[in-house]
Amino acid sequence: VQLQASGGGLAQAGGSLSLSCAASGSTFTIHKMGWYRQAPGNRRDMVADISRTGVTNYADSVKGRFTISRDNTKNTVYLQMNSLKPEDTAVYYCHAALYRGTTDWGQGTQVTVSS
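For the sequence shown, counting from 1, position 77 maps to 77 in our numbering; every step adds exactly one.
Taking lysine to aspartate or glutamate and the EDC-like style, the derived pairs with C-alpha atoms no more than 20 Å apart in a straight line are:
(1) Lys32 - Asp60
(2) Lys32 - Asp71
(3) Lys63 - Glu87
(4) Lys63 - Asp45
(5) Lys32 - Asp104
(6) Lys85 - Asp60
(7) Lys85 - Asp45
(8) Lys74 - Asp104
(9) Lys32 - Asp45
No lab work stands behind these hints: they were computed from the structure.
Keep in mind it's a predicted model, so treat the numbers as computed, not measured.
All chains should be built: construct the whole structure from the sequences, respecting the hints.
Listed below in structure tokens is the structure:
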């Protein structure tokens, strides 16, 4: 599966940004799609994911601020990020968890939140 991410950029604290990630290839093999993020010097952590049936999962740090959604007809997942905080600054990576147990990754996209 190939993943093409878009969106992100620069926002002020309290602002909003959105990300999208389009999957192509063997998309029927995708179970979950979502986002991880990695700040400099930190590990890559899960932000949010959504299953093919719409079950969502969020990191505690983004609950109530971020919303993940998915359009299965377009094989695209979206992340709406509201009430952004400087600690949300990171490179965000789209991922697709496949039914066979492997994970594919998209290229990272930078999100920077200024205080």
